[in-house]
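Taken in order, these protein sequences are the chains called A and B.
Residue 180 in my numbering sits at position 180 of the first sequence; the count goes up by one each step and never skips.
One rule links them: number in my numbering = place in the second sequence (from 1) + 182.
Certain hints may be false.
Stated by the list, open to error - Covered stretches of chain A (chain B as the covering partner; in silico rule of three or more C-beta atoms under 8 Å from a C-beta of chain B): (1) 19-28; (2) 157-168.
Unchecked claim - Here are the simulated distance ranges between beta carbons: (3) A:Ile9 to B:Gly366: 53 to 61 Å; (4) A:Ala97 to B:Ala599: 36 to 44 Å; (5) A:Leu62 to B:Pro215: 53 to 61 Å; (6) A:Ser28 to B:Glu249: 33 to 41 Å; (7) B:Ile602 to A:Leu62: 58 to 66 Å; (8) A:Ala136 to B:Gly366: 13 to 21 Å; (9) A:Ala97 to B:Glu249: 45 to 53 Å; (10) A:Thr152 to B:Trp547: 36 to 44 Å; (11) B:Val455 to A:Thr143: 37 to 45 Å; (12) A:Val70 to B:Glu502: 52 to 60 Å; (13) A:Leu79 to B:Met183: 45 to 53 Å; (14) B:Glu249 to A:Val100: 45 to 53 Å; (15) B:Ala474 to A:Leu51: 27 to 35 Å.
The set of hints was computed from the structure by calculation and includes no laboratory data.
Heads up, the beta-carbon is just placed ideally off N, CA and C, and yes, glycines get one too.
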Amino acid sequence: MGDVLVWLIWFLAAGGLLASGAAVVSVSNPFYSALALIANLASLAVLYLLLSAEFLAAAQVLVYAGSVMVMFLFVVAYLGGRADAPWAGGPPLLRTAALVAAIALLVEVVVVLGLAWGDNLSDPAEISAAFGSPGAIGELFLTDHLLAFEITSIVLLVAAVGGVILGTTPRRRGENEHRREA
Amino acid sequence: MIDTPKVDWFALGPTLALLGASGVALLASVLVPAWMRKGVAAGLAFLGFALAAILGGAVFAETASPETTIAGSMVQDRLGAFAQVVVGAIGAIVVLVSWAEPRRSHRGEYYALLAAAGAGMVFFVTASNLMTLFLGLEWFSLCLYVLVAYDTHRARSLEAGLKYLIVGGFGSAILLFGSALVYGATGELGFAEIAAAGAGSDPFLVAGLAMVLGGLAFKVSAAPFHMWTPDVYQGSPSSVTSFMSAATKVAAMLVLLRVLTTAFPEEREIWTVAVAVLAAVSLVWGNLAAFAQRDVKRLLAFSSVSHAGFMLVAVAAGTEAGAEALLYYLVPYAAMSVGAFAVVAARERELGRDVSLEDLAGLGWERPLLGLSLWVFMLGFAGFPLTGGMFGKLFVFTAAYEAGDWWLVVLGVLATAVSIAYYLNVVRWLYMRTGADLGVALAGGSPPRDAALEVAVALTVLVTVGSFFAAQPILDAAADAARSLPF
Numbered sequence: 001m002g003d004v005l006v007w008l009i010w011f012l013a014a015g016g017l018l019a020s021g022a023a024v025v026s027v028s029n030p031f032y033s034a035l036a037l038i039a040n041l042a043s044l045a046v047l048y049l050l051l052s053a054e055f056l057a058a059a060q061v062l063v064y065a066g067s068v069m070v071m072f073l074f075v076v077a078y079l080g081g082r083a084d085a086p087w088a089g090g091p092p093l094l095r096t097a098a099l100v101a102a103i104a105l106l107v108e109v110v111v112v113l114g115l116a117w118g119d120n121l122s123d124p125a126e127i128s129a130a131f132g133s134p135g136a137i138g139e140l141f142l143t144d145h146l147l148a149f150e151i152t153s154i155v156l157l158v159a160a161v162g163g164v165i166l167g168t169t170p171r172r173r174g175e176n177e178h179r180r181e182a
Numbered sequence: 183m184i185d186t187p188k189v190d191w192f193a194l195g196p197t198l199a200l201l202g203a204s205g206v207a208l209l210a211s212v213l214v215p216a217w218m219r220k221g222v223a224a225g226l227a228f229l230g231f232a233l234a235a236i237l238g239g240a241v242f243a244e245t246a247s248p249e250t251t252i253a254g255s256m257v258q259d260r261l262g263a264f265a266q267v268v269v270g271a272i273g274a275i276v277v278l279v280s281w282a283e284p285r286r287s288h289r290g291e292y293y294a295l296l297a298a299a300g301a302g303m304v305f306f307v308t309a310s311n312l313m314t315l316f317l318g319l320e321w322f323s324l325c326l327y328v329l330v331a332y333d334t335h336r337a338r339s340l341e342a343g344l345k346y347l348i349v350g351g352f353g354s355a356i357l358l359f360g361s362a363l364v365y366g367a368t369g370e371l372g373f374a375e376i377a378a379a380g381a382g383s384d385p386f387l388v389a390g391l392a393m394v395l396g397g398l399a400f401k402v403s404a405a406p407f408h409m410w411t412p413d414v415y416q417g418s419p420s421s422v423t424s425f426m427s428a429a430t431k432v433a434a435m436l437v438l439l440r441v442l443t444t445a446f447p448e449e450r451e452i453w454t455v456a457v458a459v460l461a462a463v464s465l466v467w468g469n470l471a472a473f474a475q476r477d478v479k480r481l482l483a484f485s486s487v488s489h490a491g492f493m494l495v496a497v498a499a500g501t502e503a504g505a506e507a508l509l510y511y512l513v514p515y516a517a518m519s520v521g522a523f524a525v526v527a528a529r530e531r532e533l534g535r536d537v538s539l540e541d542l543a544g545l546g547w548e549r550p551l552l553g554l555s556l557w558v559f560m561l562g563f564a565g566f567p568l569t570g571g572m573f574g575k576l577f578v579f580t581a582a583y584e585a586g587d588w589w590l591v592v593l594g595v596l597a598t599a600v601s602i603a604y605y606l607n608v609v610r611w612l613y614m615r616t617g618a619d620l621g622v623a624l625a626g627g628s629p630p631r632d633a634a635l636e637v638a639v640a641l642t643v644l645v646t647v648g649s650f651f652a653a654q655p656i657l658d659a660a661a662d663a664a665r666s667l668p669f
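Next up, chain A with everything else stripped away, as it sits in the complex (with noise of 0.2 Å):
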């Protein structure tokens, strides 16, 4: 029973992350377009979460969902939300790259299926009850990836100082400079 409810949800799940995901790139209004990623990124969310990857789950919700889907909405809002006209295809080379590419990735997926049906794929990896929970993460960040951890926080910091300093820049000659200085 406990199977049929994870293969359901399994599939909700996907299903709604190709939908949206289709929706996405689809949509010509790009508002609806920036909506359509939020329900793409829950989708995801519930497949980390199938995976045992609740840490990963909630930080997809958080950040993504959360702070740069809001980021997104704010550009899109400044911009104005003035529909695309609807992609032509752009230029041949362009065409032919992406059929190159969408072959590869059928490609790809027959091979994953051949390898399931002569179930040459069943090596599932050992993991312990903790694997990816919030607590073994955290414990991650303050034992092996200390280091990492602290230089993120930097690397971050100076990503948004930098932000700043060009954001603020006046562009004409002595506008905003007085009540820069001031």
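Dock chain B against the given chain A, drawing on the hints supplied.
Just chain B now, kept in the frame of chain A:
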């Protein structure tokens, strides 16, 4: 109770010195009165770089054999310390070069970002697992993206910033993808552990190695990954260019050497060939393209691509002699590179526009110190005696010959012969014509003497010539540093 790793503050010293300087400079550029912001921030950045170099020297003196610290995230060894001393010295000189650069706003924050970029590089050279490698790279790259676009009123600077951001982001993504493949093949993040995992020639590991190599080749601007170099070097503020061309190259070259030798010793046959190909392409492309340039900064950019080629010849040797040659080469190269861009910066400030070869006309007579210095740098780049550039090339070719790469030696000698032509062309423009002949007019009269820049140029000349006469001590230090790698 979580057992946290012991933090080795001594090994982190150079990084923390620069990080601290950056933080205080940032605060100072907001809190102190407007008229002294630039001075305070520049002074702090200078102190930070000098302190980082001194602490790097202390680490060098105290560390006999390499040891990894902080849960294997970073390594304390003489190779990293050597790079820290060089990057610290470069940064301090670049602060002097930057001092008189006309800047309309954010005069203090510039130095905070410069120090932060230096901190990133000083950390990057001690990275000893794939995670800190990527984070260190992103740390200094993010600072450089902003610094390149710093002159937001110049379209070219913004364009350069955007180009560097996109191409650099692409390079970082390739490095990250490669790291993921290496991790997938070995299940390890640490360089030494990857080597110990003994994955042999697992296709995922080899693909990962290729992508890591490609990602780092973007940063050292080796052809064919150099596409961003001329545009970015030309568009960014000249002081930033001088920093990038010297410090980024030093840091990225050393990390390239470290990753290849410590993480992939078993795959040596593969990567020596790959690096040799990169070296050959850089030598040919850099030198041929430099011929066609009229803009001095673009010319120097292609010259830096060709020098990446010479350095990679040393890496391709895959021997301790090659590592020594590379470390020695970096010292005069860094000095000449900072100095040459500093002279260009001085001319740029006089003329108020980008400097083409014609714009150099008469500089040798009008400003004897700068003219003579640029002459010395050009001869040094070409590898003439009385400059460290000569010994640099000599050691690199010797190492390559001993490793059996005689074809790279032939190519290197040919490239050197070709390069003499365009380097001497610069000298010709300096002295053979006067500015009055060509109507090169100074913008708004001759600007006041820029003492800070002249001191910086004099220092770089000193290192360029000094590394010829004092080659032995530098070579000894390089040999000590090279011994921390497992050959």
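Results for each hint:
For the region 19-28 of chain A, the assignment as covered by chain B is violated, since 0 residues bring a beta-carbon within under 8 Å of that chain's beta-carbons and 3 are needed. Counting residues of the region 157-168 of chain A whose beta carbon lies closer than 8 Å to any beta carbon of chain B gives 8, which meets the minimum of three for the stated coverage. With their beta carbons about 27 Å apart, Ile9 (chain A) and Gly366 (chain B) fall outside the hinted range of 53 to 61 Å. For the hinted restraint 36 to 44 Å between Ala97 (chain A) and Ala599 (chain B), the CB-CB distance of approximately 41 Å keeps it satisfied.
Range check, Leu62 (chain A) to Pro215 (chain B): about 41 Å between beta-carbon atoms, so the 53 to 61 Å window is missed. Checked against the given bound of 33 to 41 Å, the beta carbons of Ser28 (chain A) and Glu249 (chain B), roughly 59 Å apart, lie outside it. Against the hinted window of 58 to 66 Å, the Cβ-Cβ separation of Ile602 (chain B) and Leu62 (chain A) comes to about 60 Å, which satisfies the hint. For the hinted restraint 13 to 21 Å between Ala136 (chain A) and Gly366 (chain B), the CB-CB distance of approximately 20 Å keeps it satisfied.
A hinted range of 45 to 53 Å holds for the C-beta pair Ala97 (chain A) and Glu249 (chain B), which are about 48 Å apart. Here the CB-CB span from Thr152 (chain A) to Trp547 (chain B) is close to 53 Å, at odds with the stated 36 to 44 Å. The beta-carbon spacing between Val455 (chain B) and Thr143 (chain A), approximately 39 Å, falls within the hinted interval of 37 to 45 Å. Hint check: Val70 (chain A) to Glu502 (chain B), Cβ distance near 54 Å, so the stated range 52 to 60 Å holds.
A hinted range of 45 to 53 Å holds for the C-beta pair Leu79 (chain A) and Met183 (chain B), which are about 52 Å apart. The beta-carbon spacing between Glu249 (chain B) and Val100 (chain A), approximately 48 Å, falls within the hinted interval of 45 to 53 Å. For Ala474 (chain B) and Leu51 (chain A), the hinted distance range of 27 to 35 Å is not satisfied, since their beta carbons lie about 54 Å from each other.
Going through the hint list in order, the structure does not satisfy hints 1, 3, 5, 6, 10 and 15.
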